[in-house]
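Enquirer: To get the working numbering, take the position in the sequence shown, counting from 1, and add 462.
Just so you know, these hints were derived from the structure itself, not from any lab.
Certain hints may be false.
With a straight-line cut-off of 25 Å between C-alpha atoms, the simulated DMTMM-like cross-links for lysine to aspartate or glutamate are [stated by the list, open to error]:
#1 K694 with E553
#2 K694 with D548
#3 K689 with E591
#4 K689 with D633
#5 K689 with D677
#6 K689 with E701
#7 K689 with D631
#8 K689 with E647
#9 K689 with D660
#10 K694 with D677
#11 K689 with E616
#12 K694 with E676
#13 K689 with E676
#14 K694 with E653
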Amino acid sequence: MTDAWLDTRIAARREHAPGLVTLTLEGSLAPFEAGQWANISLDIDGERVRRAYSLASAPGAPPELFVTLVPGGRFSPRLFALGPGDPIQIERQPQGFFTLRWLPPARDLWLVATGTGLAPYISMLRAGELFSRFEQVVVVHGVRTVAELAYREEIASLGARYVAAVTRDADATGVEHGRITALLESGRLEEAAGLALDPARSHLMLCGNPQMIEDLSQLLGARGLTKHRQRKPGHVTAESFWELK
């Protein structure tokens, strides 16, 4: 491939739950900002096929991908089937604007994700820059089952407040039950975090299912937490995150 791509291999594979894995690649990428994404490329049926994945790894560390299997998809089943030693290509220079650089000043930062939308936040936590800028950091992760709460122990060890929410596993303890939007409406989200949302001190980053982002943004807007734009600073920065097929 061209110099823009790194020909590498899978160094490690960690399965969190059926259909959910972390893949660590050999080598390193060009300097990048935590929260960015990179294109991944595979040869499929004689054709070079690529998809964009957010990086869970800290800048300078071996690239790490948080992958969901989408049954019937063209790309994710091939990626999901890879194991240590298998070849893969990754773009050397990550891209994207879902980074701390573009956030306005705030006291509290809420990192809200569904599914593998958690990946950019893991990168941010590992990079070690969050607590020099924000007094409080809250990670909210919404999934279906407890088994899908990947990185749970690491998040807690890195010093963030952590709210895990599941929509199934009704008998599970130590987690919230229901969608993130429902938890916000009921007041349970802030209660579980031990921190109130306030336009005077809060900023939220939203990454995951586009419907979650739309619905949550509306609820936050009703409370005076508005979309952030560079020309008109606000309180909510979002990146839609589709499950890649």
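Enquirer: So which hints don't hold here, by number, going up?
Expert: Result: hints 1, 2, 4, 7, 11, 14 break, sorted rising.
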